[in-house]
Amino acid sequence: MRWRLLVVFAAAAVGLSWLAFDLLSSYRGYSGNILIVIEPGSRASRVADLLVAGGVLRHRLPFLIRYWATRPRHALRSGEYLFDRPLRPIDVCRKLVQGDVYLHPAVVPEGSDRFDIARILNLRLGIDPERFLRVTEQAAAIHDLDPGAPSLEGYLFPDTYRFPRGVSAEAVVLAMLGRFRHILATRFANEEPMPPGGWHEVMTLASLIEKETPEASERPLIAGVFERRLQRGMALQSDPTVVYAARLDSRPVGPITQSDLEFDSPYNTYRHSGLPPGPIANPGLASIRAALHPAGGDALFFVANNHGGHVFARTLAEHQRNVSRYRREAAALRRNEAGPVSRNPKPPAHEASKSAAQAQKRARKTQQEATHP
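Each residue of the sequence shown is one higher than the one before, counting from 29 in the numbering used here.
Think of the hints as simulated: they come from the structure by calculation, not from any bench.
One or more of the hints may lead you astray.
[What the hints assert, rightly or not] Within a straight-line C-alpha distance of at most 25 Å, the following computed DMTMM-like cross-link-like pairs (lysine to aspartate or glutamate) qualify:
#: 1; residue 1: Lys123; residue 2: Asp112
#: 2; residue 1: Lys123; residue 2: Asp77
#: 3; residue 1: Lys123; residue 2: Glu67
[Said to hold, decoys possible] Restraint-style ranges between C-beta atoms, simulated for each label pair:
#: 4; residue 1: Arg356; residue 2: Arg159; range: 46 to 56 Å
#: 5; residue 1: Leu258; residue 2: Gly60; range: 49 to 59 Å
#: 6; residue 1: Ala168; residue 2: Leu344; range: 38 to 48 Å
#: 7; residue 1: Glu67; residue 2: Asn334; range: 15 to 25 Å
For each residue, glycine too, the CB sits at the ideal point set by N, CA and C.
Could you build all of it, start to finish, from the sequences and the hints given here?
Put into structure tokens, the structure is as follows:
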């Protein structure tokens, strides 16, 4: 009888030793990284099988004993888990109990509008773009800062965000608005004096500045041009507002045409003076600062310089010369990119008529750009 007890105790000791060894031994039976998805309502035994099949655990029993020992105080949380290094079963259990799920990065560049962000979130997180756009059409969440905001455009702060699998559009929007409020509280808390239109005016102007130039050093200069044109009652004639008007109307966005310039939208700053009804994009820090602190000077116009920046002018005549120089340089760049062209002294009749139509179009565009800032 005694020897049977000894055998039982020995077997128990061996089992406990094995269990303790396995629980405290790191294991990795996979290469690279692996993502394990724990669906809501999954039983612990099912989770253990997934972890063994994925090479995260060597055996299922130590993991299950560790989990059962802590029930009902702790439960395994559903979600997507990343495993990229050897872990002990006790650590795997802790990871799943704490809900240390994998967060997918979503980069929202400065100057992205709601439509851009909807596309990014769909690609990175699988969020329905239409759902995101519907959520961001509701501006009540920002009315304490901007009572006149027509949507959340302008307040979805561009940054790198990390969200779990299955995150909702509402949760993403709350995170982006929370980031914007944090920026205001930490970077612009004591901003004085504020423009008469408050944050509505600041963010609307900042969004135009953001879309006009990628150069942070130019943004105060462009802010100054816009401020002076507003003070003098001049139309802003900002091309990005024309593009945004087309987006709101669900029209294709391409090279701006005469019909685009004539489209009657309150966002079209060729047709309507003053600022548009609200932001046309979500600006970054540099553009917000520029809107708050426009550069001084007397420039009223600017045009691209074919090198990523702009040339500024005080008078319409000076601006027209800058536009002509821009056209010559742009044409030269296009010729260089196209390479050698075969000479044909007599183009076909349809090509000749096409060239004439293009010449008329260029003439109209020249007249438009002569008054463009």
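Now the hints, each set against the structure:
no.: 1; hint: Lys123 x Asp112; result: holds (13 Å)
no.: 2; hint: Lys123 x Asp77; result: holds (16 Å)
no.: 3; hint: Lys123 x Glu67; result: holds (15 Å)
no.: 4; hint: Arg356 x Arg159: 46 to 56 Å; result: holds (48 Å)
no.: 5; hint: Leu258 x Gly60: 49 to 59 Å; result: holds (56 Å)
no.: 6; hint: Ala168 x Leu344: 38 to 48 Å; result: holds (44 Å)
no.: 7; hint: Glu67 x Asn334: 15 to 25 Å; result: violated (55 Å)
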